[in-house]
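For the protein sequence lines, the chains are A and B, in the order given.
Numbering-wise (numbering that gives the first Met the number 0), the first sequence opens with residue 0 and increments by one.
Numbering-wise (numbering that gives the first Met the number 0), the second sequence opens with residue 0 and increments by one.
Calculated from the structure, these hints are not laboratory results.
Every residue gets a Cβ at the ideal spot worked out from N, C-alpha and C, and that includes glycine.
Hints are supplied without guarantee of correctness; some may be wrong.
What the hints assert, rightly or not - The calculated DSSO-like cross-link candidates involving lysine-lysine, where the alpha carbons are at most 27 Å apart (straight line), are:
{"no.": "1", "chain 1": "A", "residue 1": "Lys146", "chain 2": "B", "residue 2": "Lys176"}
{"no.": "2", "chain 1": "A", "residue 1": "Lys3", "chain 2": "A", "residue 2": "Lys22"}
{"no.": "3", "chain 1": "B", "residue 1": "Lys176", "chain 2": "A", "residue 2": "Lys3"}
{"no.": "4", "chain 1": "B", "residue 1": "Lys162", "chain 2": "B", "residue 2": "Lys176"}
{"no.": "5", "chain 1": "B", "residue 1": "Lys176", "chain 2": "A", "residue 2": "Lys22"}
{"no.": "6", "chain 1": "A", "residue 1": "Lys115", "chain 2": "A", "residue 2": "Lys201"}
{"no.": "7", "chain 1": "A", "residue 1": "Lys201", "chain 2": "A", "residue 2": "Lys146"}
Said to hold, decoys possible - In silico contact screen, one side only, chain B against chain A (beta carbon under 7 Å); selected entries:
{"no.": "8", "residue": "Tyr94"}
{"no.": "9", "residue": "Ser133"}
{"no.": "10", "residue": "Tyr147"}
{"no.": "11", "residue": "Arg148"}
{"no.": "12", "residue": "Leu151"}
{"no.": "13", "residue": "Ala187"}
{"no.": "14", "residue": "Phe190"}
What follows is the residue order along each chain.
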Amino acid sequence: MSDKRLQRAIEALLADKRPPRGKLTAEEASTLLAAARLRAAHPSNSAPRAEFVDDLGRSLREPQPGAPSRRYFLRGAGLAAAAAVVGVTADRLVGQVDNSKPPAPAQGVLVPWGAKWTAVTTLTALQTTPIVRFASGSVTGFVMQHKGEVTAMSAVCTHQGCILDAAGDFSRLVCPCHEQSFALDGAPLPGDYYLTPLPRLKSRINGDSVEVFV
Amino acid sequence: MVPRPRSFLRGVTPRRSKTVVPDAYAKDLLQVVDGGILPVEDWDAVYRDHVVPVYRFVYVRVGNRPDAEDVTSSVFERALPRLRTGATVGQLRSYLIATAKTVLADHWRGRFGVDELPDETADRPQLPTSDNHSADVERILNGLPSNYRDVLQLRFLRGYSLKETAHEMGTTIGNVKVMQLRALRRAAQEFEL
Numbered sequence: 000m001s002d003k004r005l006q007r008a009i010e011a012l013l014a015d016k017r018p019p020r021g022k023l024t025a026e027e028a029s030t031l032l033a034a035a036r037l038r039a040a041h042p043s044n045s046a047p048r049a050e051f052v053d054d055l056g057r058s059l060r061e062p063q064p065g066a067p068s069r070r071y072f073l074r075g076a077g078l079a080a081a082a083a084v085v086g087v088t089a090d091r092l093v094g095q096v097d098n099s100k101p102p103a104p105a106q107g108v109l110v111p112w113g114a115k116w117t118a119v120t121t122l123t124a125l126q127t128t129p130i131v132r133f134a135s136g137s138v139t140g141f142v143m144q145h146k147g148e149v150t151a152m153s154a155v156c157t158h159q160g161c162i163l164d165a166a167g168d169f170s171r172l173v174c175p176c177h178e179q180s181f182a183l184d185g186a187p188l189p190g191d192y193y194l195t196p197l198p199r200l201k202s203r204i205n206g207d208s209v210e211v212f213v
Numbered sequence: 000m001v002p003r004p005r006s007f008l009r010g011v012t013p014r015r016s017k018t019v020v021p022d023a024y025a026k027d028l029l030q031v032v033d034g035g036i037l038p039v040e041d042w043d044a045v046y047r048d049h050v051v052p053v054y055r056f057v058y059v060r061v062g063n064r065p066d067a068e069d070v071t072s073s074v075f076e077r078a079l080p081r082l083r084t085g086a087t088v089g090q091l092r093s094y095l096i097a098t099a100k101t102v103l104a105d106h107w108r109g110r111f112g113v114d115e116l117p118d119e120t121a122d123r124p125q126l127p128t129s130d131n132h133s134a135d136v137e138r139i140l141n142g143l144p145s146n147y148r149d150v151l152q153l154r155f156l157r158g159y160s161l162k163e164t165a166h167e168m169g170t171t172i173g174n175v176k177v178m179q180l181r182a183l184r185r186a187a188q189e190f191e192l
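This is chain B alone, in the form it adopts within the complex (with noise of 0.2 Å):
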């Protein structure tokens, strides 16, 4: 593979910040999910009530606090107009969880030159729980290798450094770095990333 010049202009090209959730994809989000009328009238609740859930959405996909907090500042503002023409609850999720895929792809896009995230969401619209997320990882994290699962819980969930990592694992740190790209990409061919 040939590297390509970083370029500094890649960070100025245009934003895509004039994407809109193509509205056929919305509405079939909409059919799938069901919720009961309820007129959106308090802009402050459907806010509350759906932050932490868009965020945990947001933070799976980022992996880090900085980005997870800008892309989710985006979703609202992006989806604000539209949230207070009144929907019911199950639209307004559905909505959100589109608008922030379209943030997402931007986000990847812009960042990194992806073109297309893996949708594993789009035959279960629903925004994920802690818990059913740590389930999942931790599923995942059972069917690894003993040394791959080791280095990922040392360094992801118990945030060891590389050094202490290397320490527990009696080996060195240049093997922790491998091991632990390894293990990745077998972790995401697991979550079917």
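Excised from the complex, chain A in its bound form (with noise of 0.2 Å):
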């Protein structure tokens, strides 16, 4: 009975999700912890993603009480009943949750601190080369022509950081340190590991000049 409460948690985790509330004995959370340290040393966990990141900092820096978040919700003791609720509610979807995939998280987009609108090539070069990446402060990404329409992404494999390169005939980007490859939308391509996809960038034409706010 309890085996199977605990194996829906494990399987929460292995789905990355939250789970399920319940009371657990000593032993049961010491199991739990063990599946959580593992699903530590999976690499698409290894680092935070970068739009949670940019939030979070954004949010202490400047509190905005007006837009509610759900951060902000738990916080006040009188709405924190309200919170659990809520919480209880996704709990309940997670059993029903198709777990024999991994979880294909949302592309962000990541607008680091003190970000400028910055030209990093020109549409003329475009013609020529559909995908150009550049490297600007802490920012190394591509700016690309994908479909009649310019686009930017980091180019920080979501695996362990190595820099990706455009494939030669420019129909996906690739990592040079592992089998994985990335289409040009920065979804991940199926290879050895789920990866996140990658974080897009903000860009605009300026003339001819192709900007990208980094």
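Two chains, each in its own frame: build the complex with the hints.
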């Protein structure tokens, strides 16, 4: 009986979801902690999402009481009850989620602190080379012309941080360190590892020059 | 063991949001860590330097992203006022770890009714790096019987589903579940949890 609940909690961790609420014995808690340690050793869990780091940094710097975030919710004691109910509902849903596939987290937009619009290449250059890599301060990224649109994204592999290269035929972004590559929309292509997509960067066209917000 | 009724109300019991880090404990930690004197003027820099290690410290103890993000947020929100007063790098780190432990204890108590978590950082108050964590895990896995090691490697490190794991190991899904649980219990002992 309790084995089943523990197993559900373990499967939740494997799907990168919150484990359901419920009393655990000390031994069960230790088993679940061991599962957490193993999950933490998976390469895709070695760092927080860029978007999370960015959002939290912003909210710490300038708390905005007007913008209710879930986190903000949890802070107020009076609202804790409501938040707990939300938590329970979410936990319940976990049981119905198909765990056989790894989660595909949404692709976030990376906006560095103190970012400003920076020209990195030109439209003319993109005509001849549709994918251009640039390095600007703390961000290394690609700008590319893909399906008639100019887009930009991080060039750092979400596995272990190697810098990606464009494939020779400009069909995908390839990691030089391991057998892993990404589609031009930043989604990881099937490979040895389950990776998070590449964060996107803000980009715009200013005359002939292509600018990114980094 | 008598199964406890699953109660909605459990989730609504007051969160112990007032828990503070006992100062004596923080002081103990401070003595073990040395760090250069660095007046903290720049909160952004403190945050940038510590958010990843703190997140990792938390992730190792919750094992999933949504909880890791919530707990990490709480740690910084709670620690923020103290951090702004100025401290050495070592003190900052210790204080963040101590705060993280308090928030994690609250989290486990609220979610699973567990009173005490094994405190394996008492004698080495450093934030872990992903390198030494992976090495620890590898060492533990290599010490397990081969079927235990295989099932944990396939499921946790390679992300195989139950079905894929059963296929790879030439057994049934039911067996994989049982073996996985036993393997985790054994790994918990090896981790000294």
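A quick look at each hint next to the structure:
Straight-line distance between C-alpha atoms of A/Lys146 and B/Lys176 comes to about 45 Å, which puts the hinted pair past the 27 Å bound. Taken as a hint, the A/Lys3 and A/Lys22 pair is honoured in the structure, with Cα atoms around 13 Å apart against an allowance of 27 Å. Pair hint B/Lys176 plus A/Lys3 holds up; C-alpha atoms about 10 Å apart against a cutoff of 27 Å. As the CA atoms of B/Lys162 and B/Lys176 are separated by approximately 10 Å, the hinted pair is consistent with the 27 Å bound.
This hinted pair checks out: B/Lys176 and A/Lys22 have alpha carbons roughly 21 Å apart, not beyond 27 Å. Of the supplied pair hints, the one linking A/Lys115 and A/Lys201 holds, its CA atoms being roughly 10 Å apart against a limit of 27 Å. Simply put, A/Lys201 and A/Lys146 have alpha-carbon atoms about 17 Å apart, close enough for the 27 Å limit, and the pair holds. Evaluation of the B/Tyr94 hint against chain A yields a violated restraint, the C-beta minimum of about 15 Å exceeding 7 Å.
For B/Ser133, the suggested interface contact is upheld, since its CB lies about 5 Å from the closest CB of chain A, less than 7 Å. Among the interface hints, the one on B/Tyr147 is violated; its C-beta lies about 11 Å from the nearest C-beta in chain A, farther than the 7 Å criterion. A distance limit of 7 Å between C-beta atoms decides the matter here; for B/Arg148 the minimum to chain A is near 11 Å, and the interface restraint is violated. Annotation: interface hint on B/Leu151 holds; nearest CB of chain A at approximately 6 Å, less than 7 Å.
Hint status for B/Ala187 relative to chain A: holds, with the closest Cβ pair at about 4 Å, below 7 Å. Because the smallest distance between the Cβ of B/Phe190 and any Cβ of chain A comes to about 6 Å, under 7 Å, the interface hint for this residue holds.
The structure fails to meet hints 1, 8, 10, 11 from the earlier list, while all remaining hints are met.
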